[in-house]
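Undergrad: One-letter residues, chain by chain:
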Amino acid sequence: MVGSDDRSAQAAAPPGGGDPSRSPHRQGSASNETARRLAMLRDMARIRAFEHEAVAAMRSGQAPGVVHPSIGQEGVAVGVCANLRRADRITSTHRGHGHAIAKGADARAMMLELHGRAGGSCGGKGGSMHIADFAVGMLGANGVVGAGIPIACGAAQAIRLRRAVRSAEAAARLAGGQRNREPAGAEEDDAIVACFFGDGAVNRGPFLEGMNWAALYRLPVLFVCEDNGFAAFTRNSAVTAGGGPAVRAEACGVPAIAVDGEDALAVDAVAAELVARIRGGAGPQFLHARCYRWEGHTGTDAAAYRPAEEAAAARDRDCIRRLAAALATAGVAAEEIAAIEAEAAEEMASHRAAAMAAPWPDPGAAFSDVQDAGAPA
Amino acid sequence: MVGSDDRSAQAAAPPGGGDPSRSPHRQGSASNETARRLAMLRDMARIRAFEHEAVAAMRSGQAPGVVHPSIGQEGVAVGVCANLRRADRITSTHRGHGHAIAKGADARAMMLELHGRAGGSCGGKGGSMHIADFAVGMLGANGVVGAGIPIACGAAQAIRLRRAVRSAEAAARLAGGQRNREPAGAEEDDAIVACFFGDGAVNRGPFLEGMNWAALYRLPVLFVCEDNGFAAFTRNSAVTAGGGPAVRAEACGVPAIAVDGEDALAVDAVAAELVARIRGGAGPQFLHARCYRWEGHTGTDAAAYRPAEEAAAARDRDCIRRLAAALATAGVAAEEIAAIEAEAAEEMASHRAAAMAAPWPDPGAAFSDVQDAGAPA
Amino acid sequence: MTRMSFAEAARTALAEEMRRDPLVWALGEDLAQGGIFGQYKGLAEEFGPDRIVSTPISESAIMGAGLGAALCGTRPVIEMRIADFTLCAMDELVSQIAKVRYMFGGQGRAALVVRMPQGMWRNSAAQHSQCLEAWLTHIPGLVVAAPGTPADAAGLLKAAIRSDDPVVLMEPKNLWTAEGEVPEAVEPVALGVARQVAQGDAATVVTWSACVPVVEQGARDSGVACDVFDLRSLWPWDEAAVIASARRTGRLLVVHEAVTVSGFGAEVVARVVEALGPGGLRAVERLGAPRAPVPFSPPLEDAMRMTPARVVQAIRRVASARH
Amino acid sequence: MTRMSFAEAARTALAEEMRRDPLVWALGEDLAQGGIFGQYKGLAEEFGPDRIVSTPISESAIMGAGLGAALCGTRPVIEMRIADFTLCAMDELVSQIAKVRYMFGGQGRAALVVRMPQGMWRNSAAQHSQCLEAWLTHIPGLVVAAPGTPADAAGLLKAAIRSDDPVVLMEPKNLWTAEGEVPEAVEPVALGVARQVAQGDAATVVTWSACVPVVEQGARDSGVACDVFDLRSLWPWDEAAVIASARRTGRLLVVHEAVTVSGFGAEVVARVVEALGPGGLRAVERLGAPRAPVPFSPPLEDAMRMTPARVVQAIRRVASARH
Ligand SMILES: Cc1ncc(C[n+]2csc(CCOP(=O)(O)OP(=O)(O)O)c2C)c(N)n1
Ligand SMILES: Cc1ncc(C[n+]2csc(CCOP(=O)(O)OP(=O)(O)O)c2C)c(N)n1
Ligand SMILES: [Mg+2]
Ligand SMILES: [Mg+2]
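Residue numbers (the numbering used here), protein chains in the order written: chain H, 1 to 377; chain R, 1 to 377; chain D, 1 to 323; chain G, 1 to 323.
FYI, nobody ran anything at the bench for these hints, they're computed from the structure.
All C-beta atoms, glycine included, are put in the ideal place defined by N, C-alpha and C.
It cannot be assumed that every hint is accurate.
Stated by the list, open to error - Computed footprint of chain D on chain R, listed as stretches where at least three residues anywhere in the stretch have a Cβ under 8 Å from a Cβ of chain D:
#1 127-141
#2 148-158
Claimed, not checked - Just a few of them, taken from the derived set where beta-carbon distance is under 7 Å, the chain D residues facing chain R:
#3 P56
#4 G106
#5 W121
For reference, chain H alone in the conformation it holds in the complex:
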């Protein structure tokens, strides 16, 4: 279903290019390919370990508020972000830990954020549902379903406007006008925006408005629908008519393709192709990734509204084990894989310990960063 466009055929810059440990180059040689896949595995393991800690912290009451785990869906976040660079931006959802980690966000700061501590990604003011890490182009989780879609469109529009301004040699202006923390290399000319959202979001108006908008202005946006089958406590197919997310996107002029989101390598391959098209100027592309939410809607939802066998079957399809198996086939030793997972678990456990030990934010933080003019006394 991927729309074909002449301009998209021309090979774009190779993926990777940010922090090499995050987004390894893929250059065809078997060992590089393996290194890339190992890096993907590492991030997937890190996301899972992060969320195991996060869920435990929520259940024990150590992390206040609500945590929405993406356990089982890691292949989508990592498969997509493996094709992004630091300068690229992402928008995320209430279920955004995976997107953030895959984009290179500081996991320790994220864990502190979940615990509401000083040093958290947002200084403790956002929590799990509002994690952002602008330094790596992560423009924020969002507590409103679908709200990231128009934001991603505007981000892409800004990237293009700034490119035009630079090419008009007015770049000098940028220094003064620049206010936000920005990822390194934010001025790369072919930066794109990846916009993650769930299958529930396709029933909200901003989905339509954003698809039309991106197609109309031919914006560099990769839309990623993580279709885990549920919207909160409701099976999404029970409230969604028609042919589904991809068909709706295509109806608005955004070419779409479906992928098995539990196969990280498949996601990686398709995302690579779509990202190349977008960098090449083909306009927005849509990736419909089917997956499954292993846990409940939140860390404390027992998900009694679905058959246990269904969740068990999804666990059997584990995207991490699948990638590990592919690596084993490619000759990676079981010990190496185990070490990666152990390291991930250790990293996140230590982040959690750090979070528990971290101080609370300064009370004055409650009143800072509201606004300059008319700030609260």
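Given chain H, work out where chains R, D and G with the ligands should sit, using these hints.
TA: Using the frame of chain H, we list chains R, D and G with the ligands on its own:
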């Protein structure tokens, strides 16, 4: 593109059945068919005459506020409403005079409303953009683009719920619970809702939400997109990506069909088929009617943003002249047609005179019908 | 009287109304699963999927369809999940529901209920903690109610369902599990009538919603004998009772969870001052949240929270102020 | 000084800002056609379709895209056509734009402008006549400005564009064609600073937006010498100037077009009463619209309209009230 559905194949009740002068029966016999078409012509002529008066009244300052004429689009309103009954409901738009008249609204009251006079459809409180006539199932024009779409969905849901309640022999409850003015025969079991909106509305979120909703609950709604090519001062194709209204509707599971909206008989034929399907339980259907807005966006917009030839060509395709020609071919005398048009012109001129002579509303009306509890002093 | 939770009282009231009138129905996300606070638990089983309608995440359609359904003679209860999400359906609420009766000259009425649980709850942060009742009191056509006890959760819901006006019912998220005495046979609570919680001559204290138990506690702790009112309805609100009390005490304190600036407390203060003249009062104070979003971290969130201790101080300030 | 219309002043200011900073751009419906009040006339020709972006009828996307674009370092001017349509984009404004800086701990800022012309204009009826400024003053994170003269239309727009805060600019629909003196070189108007329109000891009169000329006229006609303030900014607002004046005059009148109940006048009154104590004032009054939608018919609409005559009466009442 009309979706096929077994249940829709069974012939539904014949159209017509309301005020016979509005919605004549079509029963196959040539003379009845001609009578029906003459009635359609009469309503189209009445709409045009109404709007000529309305535009003149706006230009002269006699009608305050803004009038949005649908001149040139009469075939859509009449072609659709010829297939509706009193008990059916419609929702309309800012450009809604035609829908109202075609559904049998009181044209004199409408003209008074446009002039803000006592006796107007809404007592002078609504004006052109908010004309409603609940007695004939006209649930209101709307000043917000696309806003009628979810309202139509809910109206259809209510029709179904009330049918269920009746069949559960709880109908006795209705008398007490019934608050709104309702069309005669409002309790017909297979009543439907026709929802009119413009091509501009397909870029608003409620369009998506409403299409999904109607398809999901399989509601008896006929969506009618009057595609006149413009959204205010912008050519709508310049701001709309993808395959257009029908494709978007189908993506949400609403079967769609396109029709030449300047051919009233074609609209009538397709609408008959779709309405029959809906009454038969096939769920929502979508009619994409291409037409052209002869006048500017409002009665005073010169429409300088489009080539004069384009508008002139549309005038040459005049839906009224086309229907008149078909009638002539069927043997109707030119005098009869001219008489219908003259009568229409006379009727609306007299309404306008009546409006100018009518008193202003009682000043207290400004404070009535706000709410019961907490009404303004 | 039975002791039950706020959610249980509300659930029971809705079930009773749905049994009484087959044209009452509810629509919103996850309703078949009982709603996120359990306030719809078991109703889908009793009333079926056509009267307890689980919807897509389509706030505009939920609100707009509710209106359409009201215009065709049914009585929908529109569930917004939390008040913040009403921001996704504001046109439908404010430009459609609130205006339809007036705009159409009384031909149609939006006899419906919009439920929007609001306020801080379990560190939900900025996008899930807003109190927007002041907004809705500003909109002609809307009735606004905000229960603060289980009994009123039931009684106001019944009144809202039976009202021919559109009634916005703002339940305090933080009180769904709170328990209280509820009559066996709940009667509708008259819209616009406050509940006097305590009596005293030292000051007039006005509050509503989640602050009701906080203010009750604070008033007790203060040791100052005040008239304390739980407004219950914000539009119409019980001006007569509050003005009569303030005339007697000469001192007025309004306490709410919402941001103070342009909160409904401003309206209460302005109205009372207009009615009595400034000379009729000796002290006036509003106690609400700072003009800042609600932060996530518990100690930061606490800075925004209304507490009995803050109420105690304010009552003492107001009761002792000299001018 | 040059005499020009409100629309012309605003248009010129935007053009100047766009020339000054290539990262300033505007998006909204029909902008390439000059906007519905001519306030964008000719800009598409000068700046091209990537900086004067004509959009689909997609209010959520217009508002949300503006935010995304601000987060990536550009300075969008978001045009809502009329304030009523902002109701279709309230989540984006209130839960996204207003909160993004705070929620993300200062990492990103929504340095953008949201223009929403508001109020009654040419009998546009209930859905096209609303004044919702009070709502936005209630929302932490937003700056709210409401020019009442051509010079301020230009100066506040420049200030809004240069501000790093999100600024909501509510232009009075009814004044687009009104003329006034505008400096050759317009400087940004400091946000939060009122403009004193007249001086006098008999009362303090506060107003803004479309009521500015009405109150100027009414104050003249009343023959009573008052301090008259055009607030210009509603958040922050010039509390210092108003409170100082009210302390002197002891009498406060607030006049606005919006519905009185829970309008911004309530905030002004409550704040001044809190600051001075009720004993510091002798008379207080709010003058606004009845709590009813705006009707279409001219004589009915007139019942909602602020007029110099109503202002005259109110000034006399306030200036002469005894308590
Ligand atoms: C506009 C809006 N409506 C409702 C909610 C409550 N809510 C939070 S997550 C969620 C389900 C979202 O489903 P989906 O988009 O599929 O994402 P998933 O949770 O499956 O990742 C809902 C209904 C919300 N956050 N925003
Ligand atoms: C939500 C909203 N945005 C903008 C407007 C202003 N507006 C009124 S009519 C119109 C154009 C509508 O175009 P279309 O839907 O094609 O209907 P047409 O006018 O062509 O009949 C616009 C933008 C509005 N009324 N509502
Ligand atoms: Mg999902
Ligand atoms: Mg159109």
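Undergrad: Now tell me if each hint is right for this structure.
TA: Do the hints match the structure? See the list:
Against chain D, the segment 127-141 of chain R contributes 7 residues with a C-beta closer than 8 Å to a partner C-beta. That satisfies the three-residue criterion, and the hint holds. With 10 residues having a Cβ less than 8 Å from any Cβ of chain D, the segment 148-158 of chain R passes the three-residue criterion, so the hint holds. Taken as an interface hint, D:P56 checks out: its beta carbon lies about 6 Å from the nearest beta carbon of chain R, inside 7 Å. Taking 7 Å as the C-beta cut-off, the interface hint given for D:G106 holds, the closest approach to chain R being about 4 Å.
Residue-level restraint check for D:W121 is violated (minimum Cβ-Cβ distance to chain R is 27 Å; threshold 7 Å).
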